[in-house]
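Undergrad: Chain residues, written in single-letter form:
4 protein chains.
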Amino acid sequence: MPFTHHVDVRYLEADQQGVVFNMWYLAYLDDAMTGLLAHGGLSYPELMAQGWDVQLVHTELDWTGPLRWGEPAEIDVALARVGTTSFALQFAARVGDRVACTAETVYVAVETEGWTKVPVPESLLAALGPIESLR
Amino acid sequence: MPFTHHVDVRYLEADQQGVVFNMWYLAYLDDAMTGLLAHGGLSYPELMAQGWDVQLVHTELDWTGPLRWGEPAEIDVALARVGTTSFALQFAARVGDRVACTAETVYVAVETEGWTKVPVPESLLAALGPIESLR
Amino acid sequence: MPFTHHVDVRYLEADQQGVVFNMWYLAYLDDAMTGLLAHGGLSYPELMAQGWDVQLVHTELDWTGPLRWGEPAEIDVALARVGTTSFALQFAARVGDRVACTAETVYVAVETEGWTKVPVPESLLAALGPIESLR
Amino acid sequence: MPFTHHVDVRYLEADQQGVVFNMWYLAYLDDAMTGLLAHGGLSYPELMAQGWDVQLVHTELDWTGPLRWGEPAEIDVALARVGTTSFALQFAARVGDRVACTAETVYVAVETEGWTKVPVPESLLAALGPIESLR
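Chains as they are written, first to last, in my numbering: chain A, 1 to 135; chain B, 1001 to 1135; chain C, 2001 to 2135; chain D, 3001 to 3135.
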């Protein structure tokens, strides 16, 4: 069961076409990632207090439909892959079973001192949960 | 002659009513304030390098009409008042002579160490230019 | 008892000073207004379906402290005044008892056809609840 | 020579790490796309007046470094591919020769009536310019 982050779509996020403007999906994904970590027992500030942070290096988004203001949107998020210094999350933004957007992001783990790449910390890996498929 | 900051209204800033959503005006005012300082010979990073910063403590906005995507918008900005540790700027957001919003903001000067109030620094005062009326 | 809208401060809303950038408060107020109406039994889309909308004509904000990412923020909102074609809401954004920002906004009621001012509709007035003081 | 769109990075777009938060790159790409069309002699509102619009169906972004507030950022944009009902643009966001982000987006052409896919209109194709490589 992937973790699901609830999103309250804001009025201001819908554009003249009446649908959520594309950039706000990246705001939702960021919130969902933080939510996943918290759900796994690691708050993002704790991660940083441990001397580590993550940096986004790649994102892919595929839109298959709209999200609209007032819709009860959910963002599913799950771990897709783990490398030595990086990991990938997959996401689906949906209203019920209607998927508006799927996405995948790749993060690298870095030290907060100097921002050099490090192996993905154990505490972070544990919080990300198992590798799962959203579909 | 007040300083005028040009704004390119973004598509995403217009909401379902086809007009710029209210919060983006605060983005425009912030840009215009930075532009006023730069015009006066002081970049905001320089101000901070001198050990000072400003904090927003009050803003008032009055909307009299819309701004729309693609309109050539201008933000007039001028110094309205100077106190001991604070100063006020006034703004008008307009397209040609049609004013969409007038605003006034009050900033206090602070030290970047400890964020305590300080008298408005000379370098900042000089950059803000003379007290002027926008109307 | 005023209505309280919960806000999840987003990572992206905190600026280089580590505090929520001023414009996002207007996003929070807009959310809180919609929440107040829904709490009073009138969804904003319903209001529009009845042929009415509201337009923001004035906002005043006073900041007395910061909001930070991850803080459990609450936005109190209550009806402050009712005029013939307008009404005012007051707001307080706080974390527990620590108030970060107080605000007041004035809206005018308009017809969705032609955007002319109208007396504040009964259904809207009923949803706004009683006039209350936040302090 | 690809078209280059100048971006004034806003103070509010830099996050607690002091770098532009990822979602704002999608704002920059959208601005750059509109700029490319205008440069090619077709304003986006004209396109819509002709009965056509475009919808984003896919975006990929790769970050190789930061953008910071006050940096003179440029967004290069060029046509990458044309299909029957879709076309792809490629982008590079950079400061001088230092590239912060490369991206590719795929749009489909639609009718503004009913939002059904249509062959990419001639007027749009002409405005997009030749297929070019950014690297």
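Treat the hints as calculated values from the structure; they're not laboratory data. Any given hint might turn out to be false.
[Stated by the list, open to error] Just the calculated beta-carbon pair ranges, DEER-fashion: (1) C:2116 to B:1131: 33 to 41 Å; (2) B:1132 to C:2062: 54 to 62 Å; (3) B:1072 to D:3118: 47 to 55 Å; (4) B:1065 to C:2062: 23 to 31 Å; (5) C:2117 to D:3064: 48 to 56 Å; (6) C:2117 to A:49: 47 to 55 Å; (7) D:3074 to B:1132: 45 to 53 Å.
Source: prediction; values computed, not measured. Positions of the beta carbon are idealized from the N, C-alpha and C atoms, including for glycine.
Undergrad: Against this structure, judge whether each hint is valid.
TA: How the hints compare with the structure:
1. C:2116 to B:1131: 33 to 41 Å: With a Cβ separation near 39 Å, residue 2116 of chain C and residue 1131 of chain B satisfy 33 to 41 Å, so the hint holds.
2. B:1132 to C:2062: 54 to 62 Å: 25 Å, violated
3. B:1072 to D:3118: 47 to 55 Å: Since the Cβ atoms of residue 1072 of chain B and residue 3118 of chain D sit about 31 Å apart, the hinted range of 47 to 55 Å is violated.
4. B:1065 to C:2062: 23 to 31 Å: 26 Å, holds
5. C:2117 to D:3064: 48 to 56 Å: 53 Å, holds
6. C:2117 to A:49: 47 to 55 Å: 54 Å, holds
7. D:3074 to B:1132: 45 to 53 Å: 34 Å, violated
Hints 2, 3 and 7, counting from the list given before, are not met by this structure.
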